[in-house]
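S.K.: If you want the building blocks of each chain, they are given just below.
Protein chains: 2
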Amino acid sequence: MKAFYGDLRLGILGGGQLGRMLIQQAINYNVTIKVLDPDREAPCRKLCDEFVTGSLSDYETVYNFGKKVDLLTIEIEKVNVDALEQLEKEGVIVYPQPRVIRLIQDKGLQKQFFKENDIPTAEFQVISSAEQLQQSPMPFPYIQKLRRDGYDGKGVYKVIDESYLQNAFTAPSLIERWIDFEKEIAVIVSRNAKGEVATFPLVEMEFNPEANLVEFLISPSTLSFELQQEAADIAKKIANNLKIVGLLAVEMFLDKHGKILVNELAPRPHNSGHQTIEGNIVSQFEQHLRAIFNQPPGDTAALNNAIMVNVLGEAGHEGPAVYQGIEKVLKCSGVYIHLYGKALTKPFRKMGHVTIVDADREKAIEKARFVQQTLKVVS
Amino acid sequence: MKAFYGDLRLGILGGGQLGRMLIQQAINYNVTIKVLDPDREAPCRKLCDEFVTGSLSDYETVYNFGKKVDLLTIEIEKVNVDALEQLEKEGVIVYPQPRVIRLIQDKGLQKQFFKENDIPTAEFQVISSAEQLQQSPMPFPYIQKLRRDGYDGKGVYKVIDESYLQNAFTAPSLIERWIDFEKEIAVIVSRNAKGEVATFPLVEMEFNPEANLVEFLISPSTLSFELQQEAADIAKKIANNLKIVGLLAVEMFLDKHGKILVNELAPRPHNSGHQTIEGNIVSQFEQHLRAIFNQPPGDTAALNNAIMVNVLGEAGHEGPAVYQGIEKVLKCSGVYIHLYGKALTKPFRKMGHVTIVDADREKAIEKARFVQQTLKVVS
Numbered sequence: 001m002k003a004f005y006g007d008l009r010l011g012i013l014g015g016g017q018l019g020r021m022l023i024q025q026a027i028n029y030n031v032t033i034k035v036l037d038p039d040r041e042a043p044c045r046k047l048c049d050e051f052v053t054g055s056l057s058d059y060e061t062v063y064n065f066g067k068k069v070d071l072l073t074i075e076i077e078k079v080n081v082d083a084l085e086q087l088e089k090e091g092v093i094v095y096p097q098p099r100v101i102r103l104i105q106d107k108g109l110q111k112q113f114f115k116e117n118d119i120p121t122a123e124f125q126v127i128s129s130a131e132q133l134q135q136s137p138m139p140f141p142y143i144q145k146l147r148r149d150g151y152d153g154k155g156v157y158k159v160i161d162e163s164y165l166q167n168a169f170t171a172p173s174l175i176e177r178w179i180d181f182e183k184e185i186a187v188i189v190s191r192n193a194k195g196e197v198a199t200f201p202l203v204e205m206e207f208n209p210e211a212n213l214v215e216f217l218i219s220p221s222t223l224s225f226e227l228q229q230e231a232a233d234i235a236k237k238i239a240n241n242l243k244i245v246g247l248l249a250v251e252m253f254l255d256k257h258g259k260i261l262v263n264e265l266a267p268r269p270h271n272s273g274h275q276t277i278e279g280n281i282v283s284q285f286e287q288h289l290r291a292i293f294n295q296p297p298g299d300t301a302a303l304n305n306a307i308m309v310n311v312l313g314e315a316g317h318e319g320p321a322v323y324q325g326i327e328k329v330l331k332c333s334g335v336y337i338h339l340y341g342k343a344l345t346k347p348f349r350k351m352g353h354v355t356i357v358d359a360d361r362e363k364a365i366e367k368a369r370f371v372q373q374t375l376k377v378v379s
Numbered sequence: 001m002k003a004f005y006g007d008l009r010l011g012i013l014g015g016g017q018l019g020r021m022l023i024q025q026a027i028n029y030n031v032t033i034k035v036l037d038p039d040r041e042a043p044c045r046k047l048c049d050e051f052v053t054g055s056l057s058d059y060e061t062v063y064n065f066g067k068k069v070d071l072l073t074i075e076i077e078k079v080n081v082d083a084l085e086q087l088e089k090e091g092v093i094v095y096p097q098p099r100v101i102r103l104i105q106d107k108g109l110q111k112q113f114f115k116e117n118d119i120p121t122a123e124f125q126v127i128s129s130a131e132q133l134q135q136s137p138m139p140f141p142y143i144q145k146l147r148r149d150g151y152d153g154k155g156v157y158k159v160i161d162e163s164y165l166q167n168a169f170t171a172p173s174l175i176e177r178w179i180d181f182e183k184e185i186a187v188i189v190s191r192n193a194k195g196e197v198a199t200f201p202l203v204e205m206e207f208n209p210e211a212n213l214v215e216f217l218i219s220p221s222t223l224s225f226e227l228q229q230e231a232a233d234i235a236k237k238i239a240n241n242l243k244i245v246g247l248l249a250v251e252m253f254l255d256k257h258g259k260i261l262v263n264e265l266a267p268r269p270h271n272s273g274h275q276t277i278e279g280n281i282v283s284q285f286e287q288h289l290r291a292i293f294n295q296p297p298g299d300t301a302a303l304n305n306a307i308m309v310n311v312l313g314e315a316g317h318e319g320p321a322v323y324q325g326i327e328k329v330l331k332c333s334g335v336y337i338h339l340y341g342k343a344l345t346k347p348f349r350k351m352g353h354v355t356i357v358d359a360d361r362e363k364a365i366e367k368a369r370f371v372q373q374t375l376k377v378v379s
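Chains A and B supply the protein sequences, listed in that same order.
First residue of the first sequence: 1, per the UniProt record's numbering; consecutive thereafter.
First residue of the second sequence: 1, per the UniProt record's numbering; consecutive thereafter.
Simulated from the structure, these hints should not be mistaken for lab results.
The beta-carbon is built from N, C-alpha and C at its ideal position, and this holds for glycine as well.
Any given hint could be a false lead.
[Unchecked claim] Subject to a maximum C-alpha distance of 25 Å in a straight line, what follows is the list of computed SDA-like cross-link-like pairs (lysine to any residue): (1) B:K256 x B:T222; (2) B:K34 x A:A343; (3) A:K328 x B:K2; (4) A:K158 x A:A122; (5) B:K34 x A:Q24; (6) A:K236 x B:E204; (7) A:K34 x A:E60; (8) A:K46 x B:K328; (9) A:K328 x B:I93; (10) A:K328 x B:M1; (11) B:K68 x A:D49; (12) A:K145 x A:Y157; (13) B:K2 x A:Q324; (14) B:K331 x A:A302; (15) A:K256 x A:D118; (16) B:K350 x A:K256; (17) B:K328 x A:L8; (18) A:K2 x A:E85; (19) A:K2 x B:K34; (20) A:K350 x A:G325; (21) B:K331 x A:N294; (22) B:K194 x A:L330; (23) B:K331 x A:T32; (24) B:K236 x B:L261; (25) A:K46 x B:K236; (26) A:K194 x A:K236.
[Unchecked claim] Using C-beta positions, here's what the derived DEER-type ranges look like: (27) A:T222 x B:N64: 56 to 64 Å; (28) A:K67 x B:N208: 22 to 30 Å; (29) A:K67 x B:V322: 20 to 28 Å; (30) A:R361 x B:D360: 18 to 26 Å; (31) A:L165 x B:G6: 43 to 51 Å; (32) A:R361 x B:D70: 34 to 42 Å; (33) B:M1 x A:G54: 48 to 56 Å.
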């Protein structure tokens, strides 16, 4: 491979906030960067050497883009994998590897992989027809997920009893036993081509029962050392068995009996790792670069308590984004605002995030709540 | 002022590494950025909304560039101040203010300002002719400095005895009593338009007597609390009396008697503040943005011991830059590489810097020495 701090041309499929933060880090290594995204106003548009507007799912577009770079990576997994496989055959390095992206694109194959590799996960059944769904022995309630293209809660349906079956998805799906979980957790792991693997400390999603949504992410965790170790071991096992090169986010449930069950994988930087930018010795973005450049993984140790709050478009607002409360938030110590450069807001669109760092965990939580109440994106 | 996280257009005069790191931070606020630099290959060229190639000292060029932005700042003080004054009259916000840049551009006016404001500084005399130099009562040895355009050691001449006078500068200059200093120190201070002032912790330059040059910068300092307080108070007094808006780097000597003497000012982010990116709660770049956007200053507290090592072009090498030792350096924990995107190296050109962070000060110093011995820029 060409030296990454030399004349290597890195291509990124996707020009959203993950690509943007990856570029912010890659600037430190003089990397030449080209980005492909369908949106000409994508967050990365002004921050790269070349920005190409085009479809990520079109074979020709992805192939032609890939021919212009030495190393290709992704910031979104919904990309044309056939093109990536052809590029790989023609000598372009593609990390994560196309076969890994193909597997993860399909929630059915993902679950199959968990089963074959003894990765703990919720009981499931792959469904290919409405009849199969009707006849399934899975007890109610259960979750139906589309095998492909689900995203941010889309493509997921809770089947509470028989009456819900009439509105179920008819496309290929899988159904999963309902997990009455205690907590959602995540571990981000990286692996380079030498096989060096490193995990970030476990992250906990704090759920707000009143609002009925994830309120924020917090790291490091206060779960027992053994549980954290177990989660890290699961993440490492998945990375090793997949032989992935790059970053892998492993989303997990901790159930009411203290058992860890893997939910889903993302083969790229992930929302659950944003707090590593300020909270850990290396960030997930630096770690992804190190992995795909075949460099030693950085030290993932936490420097501090770090909380990540997503900045979402307010419900009822659609149009040019207006940010409220920024000046108030900037008065707090250890509060880091990251806006994603999106001109238009819409309800619940991810417009940015804020990381709160504090040596005192309770203070960090207090500040996080203040940020959530104060910083609003309206139109 | 327009909201900085909205449609404010920020112009930066100078597209070097300071501008580059300022942009890396400004990305987080969605700021629209235009850069002017004479070098079409300047480090900022690919990271801004618009990059304009042109002279920073030409009135028309600076004026025309400034007319396209709402707020203008600098990353180098050698700029056409007449154009800035005209832009200010026409409603463009210019921070730091043109009168501050004008004063600091001229080392004679700078010294005069110190004298008039009771800022401790080495005894000096402003020199306007060769005769005046010959007749000066200043005892040997002394330092002669050109009033204008000195940079990185250029424009400075040590007059050891009478025989050195024949090679002295003939352009307007000042002469300064030779300070046999114990240590070079610096404090970076920021001030916003509301008059809110904040200082970063004092930085010490560690001198290597064998190599006869500054080896690295280290923060926080181990000097007494009283001395650090005194240096911070001097920096604040200068910022307040100048009424500067923006960042001000105050370079000082600590003499053998424990007395602090101000050497020089830089009204912008500065080499002596690079370690704040990883070592302090806010970085100097974030702080400069907050100051010029009239936001509250961030918390400048140190998170850790931080050492900054400049990565300079090796002597004897000129041409396309080749970096050696990067992979070895990446194996150390808490080591952050920042390359500046300069295609060509030449002897002692600033090609990048590395920050080393460690809770153990001695370990940090050990790693810094390893980085210096390992990371080389050749051609």
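S.K.: Hints numbered earlier in the text: which of these fail when held up against the supplied structure?
M.R.: 6, 8, 16, 19, 25, 28, 33
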